[in-house]
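*Asks:* Let the sequences and hints guide you as you build the complete structure.
Line order of the protein sequences matches chains A and B.
39 is the number of the first residue of the first sequence in the numbering used here; add one for each residue after it.
15 is the number of the first residue of the second sequence in the numbering used here; add one for each residue after it.
Hints in this document: simulated from the structure, not taken from any laboratory.
Note that the Cβ used here is the ideal one computed from N, Cα and C, for glycine as well.
Check each hint, because a few of them may be wrong.
[Stated by the list, open to error] If you only want the chain B side, here are some residues facing chain A, beta carbon under 7 Å, derived:
| hint | residue |
| --- | --- |
| 1 | 57 |
| 2 | 58 |
| 3 | 60 |
| 4 | 110 |
| 5 | 116 |
| 6 | 117 |
[Unchecked claim] Each computed EDC-like pair below joins lysine to aspartate or glutamate, with the alpha-carbon atoms no more than 16 Å apart:
| hint | chain 1 | residue 1 | chain 2 | residue 2 |
| --- | --- | --- | --- | --- |
| 7 | B | 93 | B | 29 |
| 8 | B | 120 | B | 21 |
| 9 | A | 109 | A | 90 |
| 10 | B | 112 | A | 141 |
| 11 | B | 59 | B | 96 |
| 12 | B | 112 | A | 97 |
| 13 | A | 52 | A | 117 |
| 14 | B | 56 | A | 76 |
| 15 | B | 120 | B | 19 |
| 16 | A | 108 | A | 68 |
| 17 | B | 59 | A | 141 |
| 18 | B | 16 | A | 97 |
| 19 | A | 108 | A | 64 |
| 20 | B | 93 | B | 53 |
| 21 | B | 112 | B | 17 |
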Amino acid sequence: NAGVTQTPKFRVLKTGQSMTLLCAQDMNHEYMYWYRQDPGMGLRLIHYSVGEGTTAKGEVPDGYNVSRLKKQNFLLGLESAAPSQTSVYFCASSYPGQGKIDEKLFFGSGTQLSVL
Amino acid sequence: RKEVEQDPGPFNVPEGATVAFNCTYSNSASQSFFWYRQDCRKEPKLLMSVYSSGNEDGRFTAQLNRASQYISLLIRDSKLSDSATYLCVVNMGGGYQKVTFGTGTKLQVIP
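*Replies:* In structure tokens:
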């Protein structure tokens, strides 16, 4: 049971380049999330999905797009990377997603992205 | 005022010591509370949920004070392996999309 798998683990981009981060979970979770983590700031939600074919904006969605074509996969895209998008990105999933006591988020191992 | 505030530390404590962290939250309607642990360059992992009546898991005790709007984490008999950053997580209600993460408190246990 792999849990939540993120690829790639590291990436360096030049300003204006595009890329896609892939998140895959094998726990049959409905809810999936993309966060970014920056020094001195808590994890911030970029986009999330409450099920296959659905996506919604989080706290910091600008400059990112997402897709959830299959229940187990949640893709995060950067169409035109900017230095401000240099960050560590975490994917997570949860069931059922209510954030109630005893629920937990399962995180992927993270992607370190640098935009030069 | 930040929605969730934590002392960033670092807290440097000797092995065997007891250490406590607090986390304050601004929204009195917040519904559920958690402590996550994050090792350096790793993903966060749930340490424990925080029950209204307080709860204990081995050497770890979590408490909630709704009147003063803070949660606490107490670690007894600190181990070297407890060295990590502890994230306070507060759910305002309405699912994990309404969750706010604190910036974390760094703990370093010294031999």
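*Asks:* Flag every earlier hint the structure violates by its number, smallest first.
*Replies:* Every hint satisfied by this model.
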